[in-house]
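Asker: In the order they appear, the protein sequences are chains A and B. Under the numbering used here, think of the first position of the first sequence as 36, with each following residue one higher. Under the numbering used here, think of the first position of the second sequence as 36, with each following residue one higher.
A portion of the hints provided could be inaccurate.
Pairs count within a copy or across copies, as identical chains cannot be separated in the list.
To be verified - Here are the simulated lysine-lysine pairs, DSS-like style, with alpha carbons at most 30 Å apart:
{"id": "1", "residue 1": "Lys404", "residue 2": "Lys165"}
{"id": "2", "residue 1": "Lys149", "residue 2": "Lys404"}
{"id": "3", "residue 1": "Lys411", "residue 2": "Lys149"}
{"id": "4", "residue 1": "Lys131", "residue 2": "Lys149"}
{"id": "5", "residue 1": "Lys142", "residue 2": "Lys106"}
{"id": "6", "residue 1": "Lys250", "residue 2": "Lys260"}
{"id": "7", "residue 1": "Lys61", "residue 2": "Lys260"}
{"id": "8", "residue 1": "Lys366", "residue 2": "Lys485"}
{"id": "9", "residue 1": "Lys149", "residue 2": "Lys86"}
{"id": "10", "residue 1": "Lys149", "residue 2": "Lys412"}
{"id": "11", "residue 1": "Lys106", "residue 2": "Lys149"}
{"id": "12", "residue 1": "Lys106", "residue 2": "Lys131"}
{"id": "13", "residue 1": "Lys85", "residue 2": "Lys366"}
{"id": "14", "residue 1": "Lys165", "residue 2": "Lys86"}
{"id": "15", "residue 1": "Lys390", "residue 2": "Lys165"}
{"id": "16", "residue 1": "Lys404", "residue 2": "Lys142"}
{"id": "17", "residue 1": "Lys165", "residue 2": "Lys79"}
{"id": "18", "residue 1": "Lys85", "residue 2": "Lys165"}
{"id": "19", "residue 1": "Lys319", "residue 2": "Lys390"}
{"id": "20", "residue 1": "Lys106", "residue 2": "Lys165"}
{"id": "21", "residue 1": "Lys131", "residue 2": "Lys404"}
{"id": "22", "residue 1": "Lys366", "residue 2": "Lys457"}
{"id": "23", "residue 1": "Lys366", "residue 2": "Lys260"}
{"id": "24", "residue 1": "Lys250", "residue 2": "Lys325"}
{"id": "25", "residue 1": "Lys149", "residue 2": "Lys85"}
{"id": "26", "residue 1": "Lys250", "residue 2": "Lys485"}
Hints are computed from structural coordinates only; laboratory data are not their basis.
In case you want the letters, here they are:
There are 2 protein chains.
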Amino acid sequence: MGVSTQANGKQHDFITEDTLSERVRKAEYAVRGEIVARAGQLQKELQEGKKLPFESLVYCNIGNPQSLGQKPMTFLRQVLSLCDYPQLIEQPGIEKIFPADALSRAKEYLAACKSTGAYSESKGTALFRKEVSEAVERRDGHACNPDELFLTDGASAGVHLILRTIIRGEQDAVLTPIPQYPLYSATLALNGGTLVPYYLDEESGWQLSIDSLKKATDEARKDGKNVRALVVINPGNPCGQVLTRENQEEILQFCADEGVVLMADEVYQDNIYVQDKTWQSFKKVMRDTKTEIPLVSMHSVSKGFYGECGRRGAFMELVGLPQGVLGELGKLASISLCSNIAGQIATAIIMNPPKEGEPSHELWQQERKALLESLKKRSRMLAETLSKMEGVTINTPEGALYAMPRIRLPKKAVQEAEKISKAPDFFYCKSMLEETGIVTVPGSGFQQVKGTFHFRTTFLPQESEIGAVCERVSAFHKRFLEKYGPLEASD
Amino acid sequence: MGVSTQANGKQHDFITEDTLSERVRKAEYAVRGEIVARAGQLQKELQEGKKLPFESLVYCNIGNPQSLGQKPMTFLRQVLSLCDYPQLIEQPGIEKIFPADALSRAKEYLAACKSTGAYSESKGTALFRKEVSEAVERRDGHACNPDELFLTDGASAGVHLILRTIIRGEQDAVLTPIPQYPLYSATLALNGGTLVPYYLDEESGWQLSIDSLKKATDEARKDGKNVRALVVINPGNPCGQVLTRENQEEILQFCADEGVVLMADEVYQDNIYVQDKTWQSFKKVMRDTKTEIPLVSMHSVSKGFYGECGRRGAFMELVGLPQGVLGELGKLASISLCSNIAGQIATAIIMNPPKEGEPSHELWQQERKALLESLKKRSRMLAETLSKMEGVTINTPEGALYAMPRIRLPKKAVQEAEKISKAPDFFYCKSMLEETGIVTVPGSGFQQVKGTFHFRTTFLPQESEIGAVCERVSAFHKRFLEKYGPLEASD
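So that you can see chain A by itself, here it is in the shape it has in the complex:
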């Protein structure tokens, strides 16, 4: 498609698809890829009155709970609303609409940031960083320096900041779990770095084996790569596993032994659905065990029970990095001026919710509990449905917002996929979309062990709807196998 643009009758080499940055062309982001684009077309067709096999699209491709009807946390939204329109605070009778702690919190925040419409320091408003640091100290039982915190427009912006800074070119490599959240592969591609895959073990519930880390590192080094960082997503995305404390200790030791920076993506830290495991931050384990490595820990307002994706609020803590590196990161952040202030406020609030004795404490706890219980219930329903489907196996999610079932596909389906030059699980997900309106992401978008197929789905449709979604998936699967099957013993 290397056609030049026609400018005033002259043939010119303006910008074309073929003369763009190679790095941008190579970057892929399946969570918002071709299947989502097709879903958009189908939605349009529905709106235009076209008859399709379903009445509405169900977006299970992305952890976007509020788009599926999840209610926001009341206190968080009250404070945001007051900060955006401070005249409200002085309105007579306002204490009948807003609880006293929302009013006082808003006043305090406005004094700190002056206005939600003013730029803050590039790393974020000092008070918000202080509140986050105190919360991290309570969480971990170890000191947290607010100067080592950066508030960012979503955790993605933090990942961009870090990889942009530590990747110099192809020789610099980052150990990334497979299956992986494509933010990492895409950002590595954009910065011209190398992704070194290490495989999570599906058989053992997607656990992380140090042997596979070591093997991947050794091979990359033999290849002349400089292995600079290790990405660990805990709880896992897309697989939903929660690491054991023992495993975390081994990972830290690995980083110390190998001289590798740990990038701990901990955005699902509030999403745990099992009794026998508790989530601990890598920062806590690192301090407990007196390991000393450079550690980047990320958290976000997009997930958890708050689900404020569209707010673009997040923080990252940078521990054990030289001052000069922090300075360079600060400079890089300043080129985008600052993250949005409402996102900063939301970040401060999820880390510092109403305390016991404050008027909003009970409601916050109620909303939190109800939401987490519902997520757990929905994850169980979905996992059960999937596990009953022929040729499908699933590790019931321990945390996060996703299920990642493995699907065996009949030969004929694999051949159909080959005909359109697509991965077999892409073909499966595309068929599911066309027949049911349910939007999922093929395992190939996250990478996977060769010859295995998966798809990722959130369990975020509301309780009133997830039953119907499960039925639609299961009926589709049956039809799919009828059409392309049967499965062979080896599949």
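Following the hints, complete the assembly by docking chain B onto the known chain A.
Answerer: Here is chain B on its own, set in the frame of chain A:
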């Protein structure tokens, strides 16, 4: 400072300042550079009760009006507040607090985005893009396709998106005005591209001469560079000039002749303070003259009379780019998921404010008029003060939010600067900061004709304060010349 981090007793090559991305190290951003960092220290010292020659810092380094007390636009904040806390809309008696059009607007926006906490399409919520496109059509009298609009986290994010996509490496060059807003030099450095300077002519009020564009282009090409884009900032930052229609036509013809993409930074389009010039968008002039080139036009909620910097809201219109390029840009945007929804809402509102006949129309117009008149008045006061200072000349700003006086500096001051290996105008601005608490940006941070010195200051301190600021600057300047002077005839 190439010290390795000590990890568990072993000397490791973790990340150090010397092993970071060269591109990041090279990027500079003076608007938030060393002088601002020093201001932060001084502020801390004041808070700790230390006696300094001033009682408070005055941040004139950055266009951040609400941090200096500018009131936000009421309607905009009302809609944001309602969207953030939708329960308010149903509150009995709420129509006594919020006007009917704010309530109906909030309902309409919530129906479109579902929640300010939900991700939108990567390019932005369809309704907000539609409202922007209709406003652009009203503004220009030419069609605007909402599919060619991207809503971004501030205009900076748009610039990052574009340059990341069109720059492949050092051979790709972008024509950039000098003095320039350092966003462009920094983003070019981050993407490994080449900045080709073209000089604005200070003598003629910072006008843009096509000859200087052609000269710069020819030289860059002789040097083997591929000149891909031209950045024009209109109204100008940091110089405040407004281009004539004739000049705009010539610039478009230049782009068509030379096969260069035009990046029109038009974020100050509402900040015009002169009677004899009207601002027109490059899109309008391009359509009027039937020129056909790829054009990127940017606008933002951060400036104008709304000044919502911390909101991080903006849009860019991409005209005449091949579909494949738009697709790649869309994919790149999707890697960061979407821009923040409150910023998208603010963008829709500044482009589609309350209409005549709607309850909030009059207040919007009043607030707008008062603010723009006040900005004009303050720009005049500051320019007058500066023009009276010995050795200082200034082009009175026609638009934007800045004055960029030229300062002649005595030899002894230049020598003092050399001693600390800094630019002479850095030394001047640093001295001003230490003595007055006023924070400005040295001309060297924007680049300038060799041997000339400038500084950039906003005229954003409130009306009640700008008089005092002017006096402090003028008194400082006098002392500075007494200390390091006199100026020589040649200075």
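Asker: Now tell me, hint by hint, if it's right for this structure.
Answerer: Hints, verified against the model:
For the homomeric pair Lys404 and Lys165, the shortest alpha-carbon distance inside one copy (26 Å) is at most 30 Å, but the shortest distance between copies (39 Å) is not. In the homo-oligomer, the alpha carbons of Lys149 and Lys404 lie at most 30 Å apart only across protomers (23 Å), although the nearest pairing inside one protomer, at 34 Å, exceeds that limit. In this assembly of identical chains, the alpha carbons of Lys411 and Lys149 lie at most 30 Å apart only when taken from different copies (24 Å versus 40 Å within one copy). Proximity of Lys131 to Lys149 under the C-alpha cut-off of 30 Å is found in both arrangements, the shortest distances being 25 Å within a copy and 26 Å between copies.
Taking CA atoms no more than 30 Å apart as the test, Lys142 paired with Lys106 passes in both settings, with 25 Å inside one copy and 16 Å between copies. In this homomeric assembly, Lys250 and Lys260 come within 30 Å of each other (Cα to Cα) only inside a single copy, at 13 Å, whereas the closest approach across copies is 43 Å. For the identical chains of this complex, Lys61 and Lys260 are neighbours both inside a copy (20 Å) and across copies (24 Å), given an alpha-carbon limit of 30 Å. Only between protomers do Lys366 and Lys485 lie at most 30 Å apart by alpha-carbon distance; the minimum there is 26 Å, versus 41 Å within a single protomer.
Within a single copy, Lys149 and Lys86 get their C-alpha atoms only as close as 53 Å, which misses the 30 Å cut-off; across copies the closest is 25 Å, which meets it. In this homomeric assembly, Lys149 and Lys412 come within 30 Å of each other (Cα to Cα) only across copies, at 24 Å, whereas the closest approach inside a single copy is 42 Å. Proximity of Lys106 and Lys149 under a CA criterion of 30 Å is satisfied in both settings, with 29 Å inside one chain copy and 11 Å between copies. Taking the shortest alpha-carbon separations for Lys106 and Lys131, both the intra-copy value of 22 Å and the inter-copy value of 26 Å come in at or below 30 Å.
In this assembly of identical chains, Lys85 and Lys366 lie within 30 Å of each other by CA distance solely across copies; the values are 28 Å between and 52 Å within a copy. Taking the shortest alpha-carbon separations for Lys165 and Lys86, only the inter-copy value of 26 Å comes in at or below 30 Å, while the best intra-copy value is 55 Å. In this assembly of identical chains, the alpha carbons of Lys390 and Lys165 lie at most 30 Å apart only when taken from the same copy (16 Å versus 43 Å across copies). Taking the shortest alpha-carbon separations for Lys404 and Lys142, both the intra-copy value of 28 Å and the inter-copy value of 29 Å come in at or below 30 Å.
With identical chains, the CA atoms of Lys165 and Lys79 are at most 30 Å apart between copies only, with a shortest distance of 15 Å across copies and 46 Å within one. Taking the closest pair of Cα atoms, Lys85 and Lys165 come within 30 Å of each other only across two copies (23 Å); inside a single copy the shortest separation is 54 Å, beyond that limit. Taking identical chains as interchangeable, the C-alpha atoms of Lys319 and Lys390 lie at most 30 Å apart only when both belong to the same chain, with a minimum of 23 Å there against 55 Å between chains. Both within a single protomer and between protomers do Lys106 and Lys165 lie at most 30 Å apart by alpha-carbon distance, with minima of 28 Å and 27 Å respectively.
Taking the shortest Cα distances, Lys131 and Lys404 sit within 30 Å of each other inside one copy (26 Å), while across copies they are farther apart (36 Å). For the identical chains of this complex, Lys366 and Lys457 are inter-copy neighbours only, at 19 Å across copies versus 42 Å inside a copy, given an alpha-carbon limit of 30 Å. Proximity of Lys366 to Lys260 under the C-alpha cut-off of 30 Å is found in both arrangements, the shortest distances being 27 Å within a copy and 28 Å between copies. In this homomeric assembly, Lys250 and Lys325 come within 30 Å of each other (Cα to Cα) only inside a single copy, at 26 Å, whereas the closest approach across copies is 61 Å.
In this assembly of identical chains, the alpha carbons of Lys149 and Lys85 lie at most 30 Å apart only when taken from different copies (23 Å versus 51 Å within one copy). In this assembly of identical chains, the alpha carbons of Lys250 and Lys485 lie at most 30 Å apart only when taken from the same copy (17 Å versus 56 Å across copies).
Consistency note: the structure conflicts with none of the earlier hints.
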